[in-house]
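Enquirer: Taken in order, these protein sequences are the chains called A and B. So the first sequence is residues 27 to 516, counted in my numbering. So the second sequence is residues 0 to 781, counted in my numbering.
Keep in mind the hints are simulated off the structure, nothing from the lab. Since this is a predicted model, take the numbers as computed values, not measurements. Where is the CB? At the ideal position from N, CA and C, for every residue including glycine. Treat the hints with care, as some may be off.
[Unchecked claim] Reference excerpt, derived from the structure (chain A facing chain B, CB under 8 Å, subset only):
1. Gln141
2. Leu144
3. Gln151
4. Gly153
5. Lys201
[As the list claims (entries may be wrong)] Straight-line C-alpha distance at most 27 Å; calculated DSS-like pairs for lysine-lysine:
6. Lys420/A to Lys267/B
7. Lys682/B to Lys477/A
8. Lys682/B to Lys275/A
9. Lys460/A to Lys267/B
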Amino acid sequence: MILNSKLHKSIIRFILDGKIKEIDFSKTTELRPTTTVLNYLRSLPDHKGVKEGCAEGDCGACTVVLGELNENNKLSYKTITSCLVFLPMIHGKQLITVENLVDRNNKKVLLHPVQHALVKSNGSQCGYCTPGIIMSLFALYKNHNNPTREIIEDALTGNLCRCTGYQPIINAAQKACTNNGIDHFTEKEPEIVELLKQINKEEKTISIITETQKYFKPRLLSEALVLKRQYPNALIINGASEIALKQTKKYELLKEIIDLSDVDELKIFKENDKEFIIGTGLSLEKIKANVKDKLPAFYDLLKVFASLQIRNIATLGGNIASASPIGDTLPLLFAYKAKLKIICSDNERSLYITDFIKGYRLTDLKPDEIIKSVIIHRPDKKEIIKYYKVSKRKDLDISTLSAGFRLFLDKDKNIKEIILAYGGMAAFTKRACKTEKFLLNKKWQRHYIEKAMEILYREYEPISDARAFAESRRIAAKNLLLKLYSETSH
Amino acid sequence: MNKNNSKYKAEHSLSDLPHESAVKHVTGESIYINDINLNDHLLIGKVVYSKHAHANIRACDLSKVRALQGVHTVLDYNDIPGENQMGPVVHDELCLAEQKVTFIGQAIFLIAAENEEIAIQAEKLINIEYEPLKAIPDIEAAIKTDALIAPPRKIECGNVENALKKTEHCLKGKLISGAQEHWYLETQSCLAIPGEGKEMNIFSSTQHPSETQSIISQVLGVQKNEVVVEIRRMGGAFGGKETQGNHYAAWSALLANATRRPVKIHLKREEDQIMTGKRHRCLSKYEVGFNNKGIINALKIDLNIDAGAATDLTLAILERALFHVDNAYFIPNMLVIGKAWKTNLPPNTAFRGFGGPQAIALIENIIDRIARFLKKDTIDIRYKNFYKNDTNNITHYGQLIKNNRLFKLYENLTKSSDYFNRRKEINKFNFENEFYKKGLALTPVKFGISFTTSFLNQAGALVNIYQDGTVLVNHGGVEMGQGLHTKMQYVASAELGISPEFIKVNATNTSKVPNTSATAASSGSDLNGMAVKNAIEKLKSRIAQVVIEEFNKTYSENPSEIKNLEFNNNYILDKKYPGRKIPFKQIIQQAYLKRVSLSATGFYKTPGIYYDKDKGKGNPFHYYAFGMAVSEIIIDTLTGQHKIIRTDILHDVGDSINKTLDKGQIEGGFIQGVGWCTTEDIKYDENGNLLNHSPDTYKIPTIRDIPEDFKVELLEGVPNPNTIRKSKAVGEPPFMLAFSVWLAIKDAISAVGNHEIEPEFSLPATNEIILQSIEKIKKKFF
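So that you can see chain A by itself, here it is in the shape it has in the complex (with noise of 0.2 Å):
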């Protein structure tokens, strides 16, 4: 397929302030296809509010929310770091920002639920962060009624604050969220509705090139597929968590891109008696509300990941390709024993995830191929699957190591298979293969896993950096596996 006019559409459209907005890169200079909705909103006159705090999703000044049509033709609501988000991703959706919570249909100006609440609840003190919170709180207003004291605690743990100590916006969050989400945003919502079908009706490949940059935005994996093979040095984003950073903190030019986040083909879950058929574009926090009760281990693993805002956009098939050695869904995949399908616009293929991963953020995967999904068999009741994350901090970091291990054992308690798949221990996710080699056909006793530590704590070479230092990893390796046994021996 070669570019034709007819595909060539460097518009985006989106509704902020209630109206459509339309950006033709085509004619400005001013903004780029991989202009931030952070930096694009702080452009203009009277979108102030939104703060940059880190530029890299780890504060969570610069939150926004997204309303987006969902199967029902209703609007979700989602929160996003704007600071990693490329314009042309919001195309389809509405952008509500802090801006445009207060209520001025009435002859009253009205503040919103929570914006009342945090008054109240002087849940701002340098109020730098708090545009950011109170969108975080706006979501979950709109998202929950009377949510735990859990569900607000994971709606804020992207937004930092430095001065307040968060009790009084965990107070906030408690007061305001009790309207089952009903708001002027619920009266207008009808209209918002109709405006988004409108943008959404057209179905083309976004397509904005620009002097210096190309950037595609399929809609068809068919699609997807044969730009790959004709910019096969292109990056591919889905939520661009991570390769957004590329540009925010290294300020590299992202010469070609290719956006999967509107290819509905890859936002699959599917399950039958057999497996679990997960789409890499399917995002995190979807994942996770799928997996709840079907897979604990990949359920605990996502709740300490990132944040909120980053779970909205980031994707599986993201943290699969980056092949990081830290990347926190590895090592579950490697004792999940998944399987990866991957796809080109001539072939399909089918691998292990320990196959895929070759080496420091090196993988399988060709030039022109994408990771269409993630196959994970249904484990069988007597195996133990679990997942392990140390981190510096509980939440919002990136770990000092992470385990995923399997374990099988029959009646009489001898190891019939084990896995043993570590995170941030290599310049790889690895196995400790000579701990379970040792271990295999031995009774899950205390005394073995007591000499099992000792050959782990010997089988990395981790290093020491700015996380951890080296011998803490190899502490906490071999830990790990008598927190396996204590889980497990009862």
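Fit chain B to the supplied structure of chain A, relying on the hints for placement.
Expert: Okay, now just chain B, sitting in the frame of chain A:
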């Protein structure tokens, strides 16, 4: 008229005013430096800094950068019209490096460009050739090369050597505490706008506008009356903008002066973390003597802090550390020697607590150790050593401790936290559980309030009343989230007897109130509140005169007297004849017509404070603030991770001016302290490179790191004499209550070895420190 001066209103009760900017915060209307809308003449300033901790600059090539389209100017030290100096106290800090650089992050060049993108591109085009020299990356290396930044300081009382000889028990040890990054949400920011002639208008995120003005006048070589510094609010500061905000202001001003265009410098997070100073790392050695009961008789301390490459506020910080090694405890024989070491790191600076935390961590850890040594509960040792009311109440520097609240706090808090029962339950839990251990600790804080540099304890105010009866309060303090302006609004409201909605607190501006001190040392409300009150007293006496004249027109046979007038509830009335009253607004109009001045300045200096540095004796503090906390934590001994189960805090703020704001300071200060004690780990490599220069690797507390059960109460019925509305300072003291968490963690580690082995411990107690400490105990114990 609207109290918040915002388009939107929130209801509230007047007795508990919300933060004056709260509505603007939640609607996104609050304007910070980076939000000021200018027309299109704004240039973006970029600071090009050293990538070497210690090096000679051999050569640099600026030809490419100068040729880049969109670059308006590139400045080096030769282009500074005034003095190349910005050291706030000691003149040892160059504004721009000359032939040598002494830390990574030191400014060498300044660029002004059309936009940020060009500025970033320009920076890449500057090629600097360095000749690296040997760098001193830490205190240990500095000690080896004897690199003191100033002569050692000493405070002594009794005879420590004699006492140590005679003591029943003696323990020696050391403690290392780490640096801390301020991580204010708003990075360092300044907007400089050149005016006519030599005028320079500065919008700076600074805690010290008067000093910012000084430094700018110095580097530009202009008189101070040409420079106006204004700050509406900061997005957090915590000490990090007490002196170091000056730098960005000076650099912006230099660029604005050179280009005659407005120039803004707003740091990226990573630049901020690399370039700015931190809380001082500290390495202390101690020797403590005590008896069988745990009563401390002698303490010898050698306290070493890491100054970084220039003095900044280090000497004052060192001094405050020396004043606080006693914390809440009477120790009759003490010798404290403090040394500040010069290293090749960014100059370290003020941070909430200002040396107090390093010193208090030390003594609290010593007490913890004594308790373990004597096999007693730490609370027992603490209680026995508290300063007493009538005896044992003089500090090592000779100040008498009045109004000691320690026992009241202790009685109330041990009861409300159910300390003794929980101690039993925890012992039981630890006995029954192998892999999880719980810990419990009570720690007190006694914190001296006043700048230890006595002359800084002064403040000014300018209060204007307009013809419509509304009031504009200017004072020298700055708003950084603490709620100072809200408190000042309340003080003005209470003193004038009018509703807060008629009172607005202005942006802090050096042309309104000159020669002010930094908003620091927890003293903002104490000093500025008194100055505002002083101005209002002057106004009230003028207004009262007008009221008397008005009343006596009608009541000439029983004239009203000034001493009977009361300003209350938007009226002025005669207490003797309650029927006589006149609305405030009305009398203001009368006063204007009678040509009475409705504007007054106010001034305050803290009485009775002095300190003789050479003798190490004096009365450096106006009073002490007290607080106490009990924290319970649980650790996973296999991963080293912890969780705070419950914290109870009881804090003394005198008569609170605003309970909500005071609680906010206590909760926030405590959590910031928890960060320093647990997850905020700063590592430099041997070349002086900061390894944790982004939130990716530097972890401040999130919402999930606060205690599951967090109870904060104010001690009631304890008015503080001689302060504004009998209140007490609250900004810094609660930070140090976080040691209850730190030592509860140590208690839990200690439980692994049945409290028989002293755990290896330092600050912060990160998961890896916890893990390694447990590993060592296991090796000794099992």
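Enquirer: So, for every hint listed, does it hold in this structure?
Expert: Hint-by-hint comparison with the structure:
Interface restraint check: glutamine 141/A against chain B, minimum CB-CB distance 4 Å, threshold 8 Å, status holds. For the restraint placing leucine 144/A at the interface with chain B, the shortest Cβ-Cβ distance is roughly 5 Å, inside the 8 Å limit, so the hint holds. Because the beta carbon of glutamine 151/A sits about 3 Å from the nearest beta carbon in chain B, less than 8 Å, this interface hint is met. Contact between glycine 153/A and chain B, as hinted, is supported at the beta carbon level, the nearest pair being about 3 Å apart and thus within 8 Å.
For the restraint placing lysine 201/A at the interface with chain B, the shortest Cβ-Cβ distance is roughly 13 Å, beyond the 8 Å limit, so the hint is violated. This hinted pair checks out: lysine 420/A and lysine 267/B have alpha carbons roughly 26 Å apart, not beyond 27 Å. With a CA separation close to 34 Å, the supplied pair lysine 682/B and lysine 477/A exceeds the 27 Å bound. For the hint pairing lysine 682/B with lysine 275/A, the CA-to-CA distance comes to about 20 Å; that is within 27 Å, so the pair holds.
In summary, the hint linking lysine 460/A to lysine 267/B is not supported, as the alpha carbons are separated by about 46 Å, beyond the 27 Å threshold.
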